[in-house]
Amino acid sequence: MIRVVLPYHLRTLARVDGEVQVEVQSPPTLCAVLDALEARYPALRGTIRDHGTLKRRPFVRFFACKEDLSLEPPETKLPDAVVEGTEPFLIVGAMAGG
Amino acid sequence: MSKIRVLVGTKKGAFILTSDGKRQKWTVNGPHFAGWEMYHLKGSPADPDRIYASQTSGWFGQVIQRSDDGGKTWATPDGAPVPTPGEFPKGASNKFVYEGDVGTHKWYDGTQHPWEFKRVWHLEPSLTDPDTVYAGVEDAAIFKTTDGGKTWHELSSLRKAKGSLWQPGAGGMAVHTILLDPKNADRIYIAISAAGAFRTDDGGKTWRPINKGLKSPYELPDPDAEVGHCVHRIAMHPSRPGVLFMQKHWDVLRSDNAGDMWTDVGGNLPSDFGFPIDVHAHEPETVYVVPIKSDSEHFPPDGKLRVYRSRTGGNEWEALTKGLPQKDCYVNILRDAMAVDSLEPCGVYFGTTGGQVYGSADSGDTWKAIVRDLPAVYSVEVQTLP
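Going down the list, the protein sequences come from chains V and B. In terms of the working numbering, the first sequence is numbered consecutively and its last residue is 98. In terms of the working numbering, the second sequence is numbered consecutively and its last residue is 1386.
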């Protein structure tokens, strides 16, 4: 199981508290974890990736193991620590303010 | 006794204001969807407890919400059920995908730019079927659901009405107004910022511009162009769906032939720039606007918040000021932020970018702030309940 941390507004939308866990098909890639997350929580479809293009929404970032994976291609394999469940996969709303 | 429910969309959530028919004491309920931009909420005329809401975010995009109990509880219309193993997740209630070849419209620099969905500005439920709703979206297009918001499909021929010539204004390019003709189910009027007004007479199969008589000498190289006019809002009285009133970027106009020709009825308004326009529930020739100083200064002239009422279908306007701030007021009233109830006398409501929602229980003669300190108000809709 892969641990996923969602930002506040997406937790509200998915009606969950805290971390969620999803079963990810092999190979465990960025795309696979998002597929699994949207399958488990359909209300999140279109909020992390665009419905049509499946491109990451511009102000959503993906972090794991202190690395920014946001710009990596969808087929990028998740870090071992995320796959093993010792580290979470973080979906983050980008900072915006002034 | 009748009840009033006012649905308020704001920059940071939705609020529901309720009162009995006297409209003196109000209960404020919310925020719903706290922290999200709520562009518009509207109830079904066929089932007032069915309410649709457009929930958007610069981070997380578009979500459609639906309530079946008058706003007490909400859910995405697909119900977001957990799919069985191997089942493709539904979750399509926020899926607004342009139909066919997406095509291009004119971009700010004059080049052609592909249509890109950004958000739903306006939701217009069918007059007869609670499961049918039209959505006006940015970039400008109209979508329709017939399954209560679970899935949406585009009425794509709208974009064939010279869509390649449409160009966004500073506020974007969105279908912000949808008027359904109560006497002719095949006739729909829509309006688009910086493109103009359009009409279908065949249920959305074909559309045509209805902008004759509009003049935009300071916005367009051809002031009489067929498309490109920045229409801010159009309104009608349900008893006379062929008579339309328009607040354009500049100019207040009316049409007596379903938009085939427009004439200026700004008359003695202190400024004919503004955003909302609405019609009295019982008097088809009584019209309301809120003049704004200019396109450069989006606040009331002289710092005085004045609603203007014409009882003559335009040209002759009177200022309505009782209960409204008459000094140091520099708020704006956005295009979807005015509505009327259908009680006697007619109630009129509007919301401001300063977070006030004002109501009048006497057709605009006197006003009172129902609530003062909400986030910036994007939209106001009213339901008159038995």
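Honestly, I wouldn't trust all of these hints.
Unchecked claim - In silico lysine-lysine, DSSO-like type, Cα no more than 30 Å apart, as pairs: (1) B:Lys1012 - B:Lys1212; (2) B:Lys1293 - B:Lys1368; (3) B:Lys1322 - V:Lys55; (4) B:Lys1327 - B:Lys1022; (5) B:Lys1322 - B:Lys1025; (6) V:Lys55 - B:Lys1327; (7) B:Lys1162 - B:Lys1212; (8) B:Lys1012 - B:Lys1162; (9) B:Lys1072 - V:Lys55; (10) B:Lys1212 - B:Lys1150; (11) B:Lys1012 - V:Lys55; (12) V:Lys55 - B:Lys1144; (13) B:Lys1212 - B:Lys1183; (14) B:Lys1144 - B:Lys1072; (15) V:Lys55 - B:Lys1011; (16) B:Lys1106 - B:Lys1072; (17) B:Lys1150 - B:Lys1183; (18) V:Lys55 - V:Lys77; (19) V:Lys55 - B:Lys1212; (20) B:Lys1012 - B:Lys1205; (21) B:Lys1022 - B:Lys1118.
Since the hints were made in silico from the structure, they are not lab data. These numbers come from a predicted model, not from an experiment.
Requested in this report: For the pair supplied as a hint, lysine 1212 of chain B and lysine 1150 of chain B, confirm whether the alpha-carbon distance does not exceed 30 Å.
Outcome: violated, 38 Å
Requested in this report: Would you check the hint for lysine 55 of chain V and lysine 1011 of chain B, treating anything up to 30 Å between C-alpha atoms as holding?
Outcome: Holds - the C-alpha atoms of lysine 1011 of chain B and lysine 55 of chain V are around 26 Å apart, at most 30 Å.
Query raised in the report: Between lysine 1150 of chain B and lysine 1183 of chain B, is the straight-line Cα distance small enough, at 30 Å or below?
Result: Roughly 28 Å separates the two Cα atoms, so the pair holds.
Query raised in the report: Can the restraint linking lysine 1012 of chain B and lysine 1162 of chain B be considered satisfied, given a maximum Cα separation of 30 Å?
Result: Measuring from Cα to Cα gives roughly 35 Å; hence the hint is violated.
Query raised in the report: Straight-line Cα separation of lysine 1072 of chain B and lysine 55 of chain V no greater than 30 Å?
Result: Outside the cut-off at roughly 35 Å; violated.
Report task. For the pair we were handed, lysine 1212 of chain B and lysine 1183 of chain B, check the Cα-Cα distance against 30 Å. Result -> holds, 24 Å
Query raised in the report: Is lysine 1106 of chain B within 30 Å of lysine 1072 of chain B, Cα to Cα?
Result: violated, 42 Å
**Report entry** Agreement of lysine 1322 of chain B and lysine 1025 of chain B with the hint, judged by alpha carbon distance not exceeding 30 Å
**Finding:** Holds - the C-alpha atoms of lysine 1025 of chain B and lysine 1322 of chain B are around 18 Å apart, at most 30 Å.
**Report entry** Holds or violated: lysine 55 of chain V to lysine 77 of chain V, with C-alpha atoms at most 30 Å apart
**Finding:** holds, 17 Å
Query raised in the report: Do the alpha carbons of lysine 1293 of chain B and lysine 1368 of chain B lie within 30 Å of each other, as the hint requires?
Result: With a Cα-Cα distance of about 23 Å, the restraint between lysine 1293 of chain B and lysine 1368 of chain B holds, given a limit of 30 Å.
Query raised in the report: Given the proposed pairing of lysine 1012 of chain B with lysine 55 of chain V, does the C-alpha separation stay at or below 30 Å?
Result: Holds: lysine 1012 of chain B and lysine 55 of chain V sit about 26 Å apart, inside 30 Å.
Requested in this report: Starting from lysine 1327 of chain B, check that the Cα of lysine 1022 of chain B is at most 30 Å away, please.
Outcome: Answer holds: lysine 1327 of chain B to lysine 1022 of chain B is near 29 Å, not above 30 Å.
The structure shown violates the earlier hints numbered 1, 3, 6, 8, 9, 10, 16, 19, 20 and 21.
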